[in-house]
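Novice: Listed in order, the protein sequences are those of chains Y and V.
Quick note on the numbering used here: the first sequence kicks off at 1 and runs consecutively.
Quick note on the numbering used here: the second sequence kicks off at 1 and runs consecutively.
Bear in mind the hints are in silico, worked out from the structure with no lab data behind them.
Everything hinted at is true.
Derived DMTMM-like pairs: lysine to aspartate or glutamate, alpha-carbon spacing no greater than 20 Å straight-line:
#1 Y:Lys62 - V:Glu263
#2 Y:Lys309 - Y:Asp342
#3 V:Lys265 - Y:Asp8
#4 V:Lys265 - Y:Asp24
#5 Y:Lys120 - V:Glu290
#6 V:Lys206 - V:Glu71
#7 V:Lys265 - V:Asp316
#8 V:Lys98 - V:Glu165
#9 Y:Lys292 - Y:Asp8
#10 Y:Lys278 - Y:Asp433
#11 Y:Lys121 - Y:Glu150
#12 Y:Lys393 - Y:Glu426
#13 V:Lys265 - Y:Asp59
#14 Y:Lys43 - V:Glu130
#15 V:Lys27 - V:Glu53
#16 Y:Lys182 - Y:Glu145
#17 V:Lys206 - Y:Asp24
#18 Y:Lys258 - Y:Glu225
#19 V:Lys265 - Y:Asp12
#20 Y:Lys121 - V:Glu290
#21 Y:Lys292 - V:Glu263
#22 Y:Lys121 - V:Glu297
#23 Y:Lys62 - Y:Asp91
#24 V:Lys206 - V:Asp70
#25 Y:Lys120 - Y:Glu150
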Amino acid sequence: MPRWRPSDRLQDSPEARPLRPRNDRVTVAHWFDTAYADWLQLKSMGALADAFSAAIVEDRSKEASMLAREIMRQRGQATPTLQKLAEAVLDKGRPEGGAGGARPDLKRIEVVRQAIAFFKKKTAIQPRNAFVWHDLSYNYLMLGEAEKAERAMATALAVSGHHRLITRSASRLYIHVRQPEKALSTLTLSRGFIGDPWLLSAHVAISQGSDKSSKFLKQASALFETQPGRIESSELGMALATEAFLNGRAKVAKKLAKSALIDPTENSLAQGVWISRKLNIDSMVADVSATKDAYEAQAFDAYYRGEWKSSLESALAWLRDQPFSSRPALLATFMAATFLRDFALSEEIARFSLRTNTDDWMLTNNLIVALAEQDKLQEATELFTNLRVPGTKNREYATWLATGGLIRFRSGDAEGGRALYGQSIEKSQESGDRTSELVGALYQSLEEARIGETERAAKLLMDVRDHGSLDSRRSKDESAALDVLNNEIHSLTVRRRS
Amino acid sequence: MNAAQLDDQEKAPAALLAGLVTDSGWKIAERVKRLDGQTGSAFSVGYFAVGDEGQIAFLKALDFSSALKDENPVAALDLAVQAYKYEEEMVMLCSNRKMTRIVRALESGYIRVDSTTLGRVPYLLFEPAEGDVRKAIASFNVVTLEWSLSLLHEVAVGLQQLHQENIAHQDLKPSNVLTFPERALFKLTDLGCSSQRGRNCPRDHKRVAGGWSVAPPELTYGEVSEDWLVRRVAADLYALGSLAVFLVTGASMNAIVRHHLPEGKDAISWRGTFREVLPFVRQAYEDAFEFISPSFEIGPIAQELFRIVRELCEPDPLLRGYRARAATYQQYSIQRYVSRLANLRAQARYAARTILRA
Numbered sequence: 001m002p003r004w005r006p007s008d009r010l011q012d013s014p015e016a017r018p019l020r021p022r023n024d025r026v027t028v029a030h031w032f033d034t035a036y037a038d039w040l041q042l043k044s045m046g047a048l049a050d051a052f053s054a055a056i057v058e059d060r061s062k063e064a065s066m067l068a069r070e071i072m073r074q075r076g077q078a079t080p081t082l083q084k085l086a087e088a089v090l091d092k093g094r095p096e097g098g099a100g101g102a103r104p105d106l107k108r109i110e111v112v113r114q115a116i117a118f119f120k121k122k123t124a125i126q127p128r129n130a131f132v133w134h135d136l137s138y139n140y141l142m143l144g145e146a147e148k149a150e151r152a153m154a155t156a157l158a159v160s161g162h163h164r165l166i167t168r169s170a171s172r173l174y175i176h177v178r179q180p181e182k183a184l185s186t187l188t189l190s191r192g193f194i195g196d197p198w199l200l201s202a203h204v205a206i207s208q209g210s211d212k213s214s215k216f217l218k219q220a221s222a223l224f225e226t227q228p229g230r231i232e233s234s235e236l237g238m239a240l241a242t243e244a245f246l247n248g249r250a251k252v253a254k255k256l257a258k259s260a261l262i263d264p265t266e267n268s269l270a271q272g273v274w275i276s277r278k279l280n281i282d283s284m285v286a287d288v289s290a291t292k293d294a295y296e297a298q299a300f301d302a303y304y305r306g307e308w309k310s311s312l313e314s315a316l317a318w319l320r321d322q323p324f325s326s327r328p329a330l331l332a333t334f335m336a337a338t339f340l341r342d343f344a345l346s347e348e349i350a351r352f353s354l355r356t357n358t359d360d361w362m363l364t365n366n367l368i369v370a371l372a373e374q375d376k377l378q379e380a381t382e383l384f385t386n387l388r389v390p391g392t393k394n395r396e397y398a399t400w401l402a403t404g405g406l407i408r409f410r411s412g413d414a415e416g417g418r419a420l421y422g423q424s425i426e427k428s429q430e431s432g433d434r435t436s437e438l439v440g441a442l443y444q445s446l447e448e449a450r451i452g453e454t455e456r457a458a459k460l461l462m463d464v465r466d467h468g469s470l471d472s473r474r475s476k477d478e479s480a481a482l483d484v485l486n487n488e489i490h491s492l493t494v495r496r497r498s
Numbered sequence: 001m002n003a004a005q006l007d008d009q010e011k012a013p014a015a016l017l018a019g020l021v022t023d024s025g026w027k028i029a030e031r032v033k034r035l036d037g038q039t040g041s042a043f044s045v046g047y048f049a050v051g052d053e054g055q056i057a058f059l060k061a062l063d064f065s066s067a068l069k070d071e072n073p074v075a076a077l078d079l080a081v082q083a084y085k086y087e088e089e090m091v092m093l094c095s096n097r098k099m100t101r102i103v104r105a106l107e108s109g110y111i112r113v114d115s116t117t118l119g120r121v122p123y124l125l126f127e128p129a130e131g132d133v134r135k136a137i138a139s140f141n142v143v144t145l146e147w148s149l150s151l152l153h154e155v156a157v158g159l160q161q162l163h164q165e166n167i168a169h170q171d172l173k174p175s176n177v178l179t180f181p182e183r184a185l186f187k188l189t190d191l192g193c194s195s196q197r198g199r200n201c202p203r204d205h206k207r208v209a210g211g212w213s214v215a216p217p218e219l220t221y222g223e224v225s226e227d228w229l230v231r232r233v234a235a236d237l238y239a240l241g242s243l244a245v246f247l248v249t250g251a252s253m254n255a256i257v258r259h260h261l262p263e264g265k266d267a268i269s270w271r272g273t274f275r276e277v278l279p280f281v282r283q284a285y286e287d288a289f290e291f292i293s294p295s296f297e298i299g300p301i302a303q304e305l306f307r308i309v310r311e312l313c314e315p316d317p318l319l320r321g322y323r324a325r326a327a328t329y330q331q332y333s334i335q336r337y338v339s340r341l342a343n344l345r346a347q348a349r350y351a352a353r354t355i356l357r358a
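This is chain Y alone, in the form it adopts within the complex:
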């Protein structure tokens, strides 16, 4: 999926670079030399101002600084604007910032409100600045105001003429508000869509997210073949690799992924970590820390290595980078609660993300778990009662049973809790969902240990360890998880004895 970031971070992104850079050198007609000579002769402020402007336009920074100092020396004869520009040239900074974007903060949502007020004011002054509308939309979504976000984004699209950067952000917004068809049609409306790897990659990826194949796959493949190994086409290559993988063509997927990872974006790098795992091969990504902003890749890379703390840190960085996305929040709440046993943090992350993902089932579940583990039973029970009950064939059903089990245990009904956990583990085994099976067993054994049933807790761990045949990588992850749990059980036992 395409990323969506505040506009001040888009400026340096690879998709903001020219698609087909020209090789010709631009020759500037040098007016500065003449203008400068004229100033030396005329000595008027008009001639000085003209030469100063020419120096700035023609990138003659030394001369611009020299003339800026002269303007400041004669400031009494210059306009206030000219003085301000001269000061800015001497400061080497831009006189005023661009649209910019408020940095998400897990605790201070007030920052987002201030950003909205700022951008609303800006849209009145700069109605044709697409980035201002874009950033307003971004901040509205951070507050969970999806309709307003959509309206602002529609204006951004209109005033930018469906520019690539705005279109990609818009498609990400439409995915968030569950309008994949709108996301796809917005992409196709963009100028030069069919020859643009950034837009085609988004089309292929969004189609995959809707369990469909993009109708532009042929064009996407043809385009990727013409520009392999370039950062511009890395996301396209990875989207095509995913398509091949989903269609059972593992060899093709591997070949495409390797080519796409020659010069990857952080987004394709994350996909590379995921597809390596899916293809059961050693990671094709040599160093996930080498690419800027590769938080998702780092989070999953650490997760697959069983480095929980590092994975959580990266997931939090990923959440700060994509604060409206539920995926980093899901990973972070899960890691914080399950392996690091930091339920207060898990609760905080869940509450933050639920602002923008109000009806996300799994996030609500993770919040309930975090609350129950902190013995905030009233709110946990209320939320659990209102939580939609998934269908029995649904993967979420095992999770729902396990959460119910936790609430029962915490409410003092160990038998009821045990029964629900048992059903949950059974369901996970039936569907072959090894992660859910393991996590269910971990949570139940902890609850058993809490009420003094340490032998039962240990047996649960032994049973889950013995169950199923596992490849070496999975065993490593799960061993690490079990080690965490064993330590927890041990500490609980020690506490109870003391």
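Once you've looked at the hints, dock chain V against the given chain Y.
Specialist: Just chain V now, kept in the frame of chain Y:
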């Protein structure tokens, strides 16, 4: 121009005209260095000339010898001659059509310096002016709104006269607006970069025909419209807006915008298309407009001028000008701005008199 080029220019036949007399009797007096310039690959040298009855004129002599130092001297000389012939034709056309806001050419011809081939120096003789706008602005403290609006109105009339003949000026910068002893008279000069519809003009092949400091972004970023009106007339409108910005703020629009552009997105560094970079360019323009807006917050007349500036300096040529008539030939009609500037000029004059009376 570097030191060696300057040295060469000083030894060129065109620099040795002082004291000579043209066939029609104009006596060439002292050099006027600020009138020196460049036409194609040839330099031009400026002089005062004195007529039979003591009247003063400006003489612009072309130095073709510099073209011979080019890597491809034949082609360079050919270009220089073409450029001279073109400018001569344009200034004569403007004089014959009685374009009152274009500096009048009195005559053109050749003057012999020595017997060599390059010893016959071509020249153009123009009516004399007091100086250019830069000279007139000794200090921005003396620039009144009334004076600025008079200047802008006269320049707009000059553009209108050119546009009516399907000529676009293409290099409307402060140095190309001449002032005259009559306080409210201003005229455009230097048609060397101009473009005439339907013909191949000497600087038409350049990315930017005139100076970069007044060229619109679509040209500096290399977008070439098929439509001559969009390519050339819209550029003149932009330069008129930039001139207004210069008069009020002291800086050209492009200089202010350049300072607001993010790294790597300026016209010199950018290697992509104009449409790819346009949102960044527009953001820089919006920030630039915000940056200069306090200079226009001095009353309703200046605020109306600011609205005109925003229309003229709109970065997207397809939205520039009279937006209500977008995609029609009227969008880039200078007539509308001539009327609005005339109206503002009258209002400013009235306001100034009211202040004086008070």
